[in-house]
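Single-letter residue listing:
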Amino acid sequence: MTATMEKKRDYSLVGESTRRAIETGLASADWYHTDVPRKAMKELMQRSDGPAIRDTILWFALLIGSAGGGIYFWGTWWCVPFFFVYGLLYGASSDSRWHECGHGTAFRTRWMNDVIYQIASFMVCRNPVAWRWSHARHHTDTIIVGRDAEIAVMRPPDLVKTALMFTGILDFRYSIPILFRQAFVGLNEEEKSYIPEMERGKAVTAARWHAAIYIAAVMAALWMWSFLPLMLIGGPRLYGTWHMVLTGLLQHIGLADNVVDHRLNSRTVYMNPISRYIYWNMNYHVEHHMFPMVPYHALPKLHEMIKHDLPAPNPSMWHAYKEAWPVVKKQLRYEDYFLKRELPPTAKPYREEFHSLAMPAAAAE
Amino acid sequence: MAEWIKACEADDVDEEDVIRFDHGSRTFAIYRSPDDEYFATDGLCTHEKVHLANGLVMDDIIECPKHNGRFNYKTGAAKGAPVCVNLKTYPVKLEAGAVMIQID
Numbered sequence: 000m001t002a003t004m005e006k007k008r009d010y011s012l013v014g015e016s017t018r019r020a021i022e023t024g025l026a027s028a029d030w031y032h033t034d035v036p037r038k039a040m041k042e043l044m045q046r047s048d049g050p051a052i053r054d055t056i057l058w059f060a061l062l063i064g065s066a067g068g069g070i071y072f073w074g075t076w077w078c079v080p081f082f083f084v085y086g087l088l089y090g091a092s093s094d095s096r097w098h099e100c101g102h103g104t105a106f107r108t109r110w111m112n113d114v115i116y117q118i119a120s121f122m123v124c125r126n127p128v129a130w131r132w133s134h135a136r137h138h139t140d141t142i143i144v145g146r147d148a149e150i151a152v153m154r155p156p157d158l159v160k161t162a163l164m165f166t167g168i169l170d171f172r173y174s175i176p177i178l179f180r181q182a183f184v185g186l187n188e189e190e191k192s193y194i195p196e197m198e199r200g201k202a203v204t205a206a207r208w209h210a211a212i213y214i215a216a217v218m219a220a221l222w223m224w225s226f227l228p229l230m231l232i233g234g235p236r237l238y239g240t241w242h243m244v245l246t247g248l249l250q251h252i253g254l255a256d257n258v259v260d261h262r263l264n265s266r267t268v269y270m271n272p273i274s275r276y277i278y279w280n281m282n283y284h285v286e287h288h289m290f291p292m293v294p295y296h297a298l299p300k301l302h303e304m305i306k307h308d309l310p311a312p313n314p315s316m317w318h319a320y321k322e323a324w325p326v327v328k329k330q331l332r333y334e335d336y337f338l339k340r341e342l343p344p345t346a347k348p349y350r351e352e353f354h355s356l357a358m359p360a361a362a363a364e
Numbered sequence: 000m001a002e003w004i005k006a007c008e009a010d011d012v013d014e015e016d017v018i019r020f021d022h023g024s025r026t027f028a029i030y031r032s033p034d035d036e037y038f039a040t041d042g043l044c045t046h047e048k049v050h051l052a053n054g055l056v057m058d059d060i061i062e063c064p065k066h067n068g069r070f071n072y073k074t075g076a077a078k079g080a081p082v083c084v085n086l087k088t089y090p091v092k093l094e095a096g097a098v099m100i101q102i103d
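These protein sequence lines are chains D and U, in that order.
Residue numbering for the first sequence follows numbering that gives the first Met the number 0, starting at 0 and increasing by one per position.
Residue numbering for the second sequence follows numbering that gives the first Met the number 0, starting at 0 and increasing by one per position.
Misleading hints may appear alongside valid ones.
Claimed, not checked - Below, computed lysine-lysine pairings styled on DSS-like, alpha-carbon distance capped at 30 angstroms:
#1 D:339 x D:321
#2 D:38 x U:87
#3 D:306 x D:347
#4 D:160 x D:7
#5 D:329 x D:300
#6 D:38 x U:92
#7 D:191 x U:78
#8 U:78 x D:306
#9 D:347 x D:321
#10 D:347 x U:48
#11 D:38 x U:48
#12 D:321 x D:160
#13 D:38 x U:5
#14 D:41 x U:5
#15 D:321 x D:41
#16 U:92 x U:48
#17 U:73 x D:38
#18 D:300 x D:38
#19 D:201 x U:92
No lab work stands behind these hints: they were computed from the structure.
Using the sequences plus the hints, can you model the full thing?
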């Protein structure tokens, strides 16, 4: 195992790494896919309203119930468990609903995806237009430095920043100024690099609607002279975001960047049923990236079908963090270091001939 | 000059499905709708040049396998982000059990 210190990565979307990714063919590349017969894939891709309607009714019932309890017991310690649940459902489940409905795979009926997408985008403090495009880029160029706008932990990792993510403080501090800048100043050059011209006006309009709701919530709090309105609107992004970070960080942390095989840069982790409900099965993350057309409720089946070709999934979140932590620590000194997970004997090998050009020789197996 | 070429046998495409057809340096997508009609479009998504034949046909919609962009494959109309540019469509006819498309 060797490790070399190279020039730091430039995570700007219009910088040196961007130019290099385009030049070397890493941008918009042809990615590895496990072979799945067309008939089986067609079945897996089939859309259905049933599972998402069931999950959404439960989601709203729990949101309304926990919010009601929080309001009723406001001013006493009894409100804490209610806001714990409300925060979790608002601050974490909104991310997975935003994600799945953004792909259009949650429901078969298009307008249902659109309605939940808009609601969840607001809850998770994301511009529904801008983030749709940034997520499309994340799927085109997953963890390609200079191209992917959604790299959660950049290298070398900033551990303080990563720890603060669990509180939502950084995300909130980052999201709200962006929202107001988009609403009242406009899009910046990086955003323009992935949002087509014809969509930019819609992004500004969406930002204005979100900003108006936040202003109304703050005014209500001032009028009532109470934090209660902010506990219900906006605040859960601070106190309820931890589960989103807990599960989301595992998607790519410690794994390779600048590769074109999701088995190298994404991680599948077995999780408990409550986390899977909140996260809408995005723990099957290699599978999701390889086949984004497969709805969340069919991912366990897809996993069973292709696991012979994937690195073994982590059996728990604890196991995954235990695996990632030493890698992240090492990246503090050697930012090129990453975890290259072993494939089972039944798998097709990694495409070394391509990756050896892009990946520094600093992998731990 | 427009010409009719054979794309595939009619039975090669399942109902409510799509297959890829390459001709020279060009690639096309051949569709069979749920009501047993045939259609043809350019084979690559106008967003990121991904083969639509790996996508999902639902009623008169083809959904791109990479970013879930949707087109009406009968008209070529882009149905919303992340696809903004319409898909080119081609005339289709059935001749002796074969699907023929007219290309220019």
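Evaluated hints:
Of the pairs offered as hints, the one joining residue 339 (chain D) and residue 321 (chain D) holds, with about 15 angstroms between alpha carbons and a cut-off of 30 angstroms not exceeded. This hinted pair checks out: residue 38 (chain D) and residue 87 (chain U) have alpha carbons roughly 27 angstroms apart, not beyond 30 angstroms. Restraint check: the Cα-Cα separation between residue 306 (chain D) and residue 347 (chain D) comes to about 12 angstroms, which is no more than 30 angstroms; the hinted pair holds. Pair hint residue 160 (chain D) plus residue 7 (chain D) holds up; C-alpha atoms about 18 angstroms apart against a cutoff of 30 angstroms.
Restraint check for residue 329 (chain D) and residue 300 (chain D): not satisfied, since their Cα atoms lie roughly 35 angstroms apart, outside the 30 angstroms limit. For a cut-off of 30 angstroms, the pair hint linking residue 38 (chain D) to residue 92 (chain U) stands: about 26 angstroms separates their Cα positions. For the hint pairing residue 191 (chain D) with residue 78 (chain U), the CA-to-CA distance comes to about 21 angstroms; that is within 30 angstroms, so the pair holds. A hinted pair counts as satisfied when its Cα atoms are at most 30 angstroms apart, and residue 78 (chain U) with residue 306 (chain D) does not qualify at roughly 34 angstroms.
Restraint check: the Cα-Cα separation between residue 347 (chain D) and residue 321 (chain D) comes to about 27 angstroms, which is no more than 30 angstroms; the hinted pair holds. Restraint check for residue 347 (chain D) and residue 48 (chain U): satisfied, since their Cα atoms lie roughly 25 angstroms apart, inside the 30 angstroms limit. Of the pairs offered as hints, the one joining residue 38 (chain D) and residue 48 (chain U) holds, with about 23 angstroms between alpha carbons and a cut-off of 30 angstroms not exceeded. For the proposed pair residue 321 (chain D) and residue 160 (chain D), the alpha carbon gap of about 19 angstroms is at most 30 angstroms, so the pair holds.
Of the pairs offered as hints, the one joining residue 38 (chain D) and residue 5 (chain U) holds, with about 24 angstroms between alpha carbons and a cut-off of 30 angstroms not exceeded. Annotation: proposed proximity of residue 41 (chain D) to residue 5 (chain U) holds, straight-line Cα distance about 25 angstroms (limit 30 angstroms). Taking the CA atoms of residue 321 (chain D) and residue 41 (chain D), the gap is about 37 angstroms. The hint is violated against a cut of 30 angstroms. A C-alpha spacing of about 26 angstroms is found between residue 92 (chain U) and residue 48 (chain U), which places the hinted pair at or below 30 angstroms, so the restraint holds.
For the given pair, residue 73 (chain U) sits about 23 angstroms from residue 38 (chain D) by alpha-carbon distance, which is consistent with the 30 angstroms threshold. Straight-line distance between C-alpha atoms of residue 300 (chain D) and residue 38 (chain D) comes to about 14 angstroms, which keeps the hinted pair within the 30 angstroms bound. Of the pairs offered as hints, the one joining residue 201 (chain D) and residue 92 (chain U) is violated, with about 40 angstroms between alpha carbons and a cut-off of 30 angstroms exceeded.
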